[in-house]
Amino acid sequence: MVNIKINGIDCQVEEGTTILEAARANNIRIPTLCWLKGLNEIGACRICVVEKTWARSLVAACVYPISKADEGCEIKTHTKRVLESRKTTLELLLSTHNQRCLSCSRSGNCELQVLCKELGVDNDARFIGKRNVYDLDDSSIHMFRDNNKCISCRRCVAACDSQQGVGVIGANERGFKTEIGCAFGMDLAQTSCVSCGQCINVCPTGALSEKDDTAKVWDALNDPEKVVVVQTAPSVRASLGEAFGFPIGTSVEGKMASALRMLGFNAVFDTNFGADLTIMEEANELIERITTDGILPMITSCSPGWVRFCEAYYPELIPHLSSCKSPQQMAGAIIKTFWANKNGIDPKNIVSVSVMPCVAKKFELSRLDQSGAGKGIPDVDCSISTRELAKMIEKARINFAGLPDGEFDSPLGLGSGAAIIFGATGGVMEAALRTAVWKLTGEAPESPVDFKEVRGVKGIKLADYNVAGKEIKVAVVSGLANARELLDKVKKGELKLHFIEIMACPGGCVNGGGQIIAPADVRNFTDIRAERAKALYSLDENRTARKSHESPDIKKVYADFLGEPGSHKAHELLHTSYRESNLSK
Amino acid sequence: MATKISPAPFAGTAAQEGQLIRLIHEIKDEKGSLMRILQEAQGIYGYLPIEVQTLIARELNIPLEKVYGVVTFYSQFSLTPKGKYQISVCMGTACYVRGAGEILKKLRDKLNLQGDEVSPDGLFSINDCRCIGACGLAPVIMINEDVYGRLSPTGEELDDILAKYKE
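So the sequence lines, in the order shown, correspond to chains A and B.
With our numbering, the residue at position 578 of the first sequence is 578, and numbering never jumps.
With our numbering, the residue at position 103 of the second sequence is 103, and numbering never jumps.
Looking at chain A on its own, in the form it has when it is part of the complex:
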């Protein structure tokens, strides 16, 4: 332990602790802009500077490890010199920032804006000079890149490269001309960007944002000719509350259903229904592949970021992808066929909206063969993120916190516990095992429910199960850099597996690129993945039906409409195909 003083208070810290962490442990939140714990520790932005004895200049608290040599030193975190330095840094950042805060998607939770307010930056003319003007990159379906608001913190670069193993963005040029962008000034859409949106989640400003599709939803809601239906993914309910002051990890399932009805949707469905369908089809496909010496390991296909990654970076593994559409698309296909038919509605008059923790879903609905109800009738018309739903609720001035708990419409609104855990890494695996093991062991109602080995936020999890005398080896991966690590082993034959779950985003959909943004000050010290997942596992425990095949809605849809899992009709509506992508990598 090292004895130091922080702002006059004696502290004992473990050797190697950074000044920033030591201060935090003593209730001082040193501000940061570029620092992301474990991901982007480059000490570049100079916002976290503090005074330290024996140091001639201010030191960057985020990357300064306290060593034995610092015994007895004193650190001061809010002297005039420190505060002035931070303010000057902000003024310099603003001198190349377009400062269009009013219309900015991040106004109110922009980390730059918050610091400017705190430090009283009020003179935006202090450093007037040359300013680079950048074109808006609106080339991709899911997001905007506006470098006029970029502060070159490189958090997005770290997310794209180190965390996701994609690396289509980076810092180009040098000095004043430094610009975060793609190779050769390409647009994002020309690259193998997988649309995961993790870069948006870590951006401190409004430089990166999802494409806002709420205008399309408002238009549909205002069109009396249209029947507007909505489905919400499992993990949306685990994050939406954060936009309305609820602690991270609070499930707002009931309030969300009420809010959607108040917004004017004609029917409120749950993507959990689609998730249960996915399990029925995917468990069936897995058993078929295992029993007929099919291509193994089978890999899940519900994460569109992962599917895109596979098509671009591991095209040779495409035959391993489950042919199942994602829950969003399955639910969409059933809404425009089974539900439309049952209610005598022309599917062309339905506007089907999905609320997703994901921005890749915006891309997914434009994929080929995602029109179960017929050519020109997309399974889902419009996908909005959790953030966009929060904006709609705010715009409608709905007092979200005060809402009573509402319910989803049935059928297509009641999901099993297995469906709800889809939102957390390991959830799809566990849900599939609940049904596959039940099937393989003679369909006994008391077949196991909990497969706890595949739970938790660890990037790569391996487990072996003995099912009816047969060994089934599984792996669960989240975060695409982890996927690379595992898939390279699978390709080399170092790992023999039957079934792999891959989610593009670390921690799974609970930490999806469309979730409510947790500023770095929060995400550096709270594991938002684990907190949000807890909400889902607790909902699972309290569901009556915890296995997909036990869901009454699922039984009904198969009995009345689809027949058996894997039937001809199921294949027509619920399955899809994949193709290699040759965009720049």
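Think of the hints as simulated: they come from the structure by calculation, not from any bench.
A portion of the hints provided could be inaccurate.
[What the hints assert, rightly or not] Computed spacing ranges between beta-carbons, pair by pair: (1) Phe10(B) <-> Gly264(A): 51 to 59 Å; (2) Phe127(A) <-> Glu156(B): 36 to 44 Å; (3) Ile295(A) <-> Phe10(B): 34 to 42 Å; (4) Thr93(B) <-> Ala481(A): 26 to 34 Å; (5) Thr93(B) <-> Ile318(A): 15 to 23 Å.
[As the list claims (entries may be wrong)] Chain A residues, not near chain B, derived (Cβ > 12 Å throughout): (6) Ile28; (7) Glu51; (8) Glu74; (9) Arg100; (10) Asn172; (11) Ile180; (12) Gln190; (13) Met262; (14) Arg289; (15) Pro319; (16) Pro448; (17) Leu495; (18) Glu572.
[As the list claims (entries may be wrong)] Computed from the model, here is a short list of chain A residues facing chain B with C-beta under 7 Å: (19) Gly167; (20) Gly493; (21) Lys496; (22) His498.
Here the structure is a predicted model, which is why all the values come from computation and not from measurement.
All C-beta atoms, glycine included, are put in the ideal place defined by N, C-alpha and C.
With chain A fixed as given, assemble chain B onto it according to the hints.
Below, chain B alone, put in the same frame as chain A:
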């Protein structure tokens, strides 16, 4: 967005590619090998177009953006082909105050080269550079390895100098 891909058609040969791939395989496991590979590649091709950078990224199994980021960070690397005679105009402080700016402009006008492109006959390309260490001779230009100093800001010597490089 404005693309930085060189419009000049890529004229790399199989022999050049073989040479580069051999080099990459030889040194790719050394720390910091990317810099040397880029330097050698520029030596082989004269510049680093997207075709060459893509090949390097593929062979090193790293994203193209990572290669491009390094290439654009260092001024020694070029994305566009250079002329047979590369004219560098020193814009260091001493040269600049003695009229290097005017000389650069005159050269650009005379050769009708406004950016880093090559003249249609393939002979000339122009770039500005920082101090080449000959401040006593300011203002200075270099044509390949030849140094011309104490030029007048009016550029009256330029025609005679350029005449030496007509083929």
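Numbered hints the structure breaks, given as an ascending list: Of the numbered hints, 4, 5, 10, 11, 12, 20, 21 and 22 do not hold.
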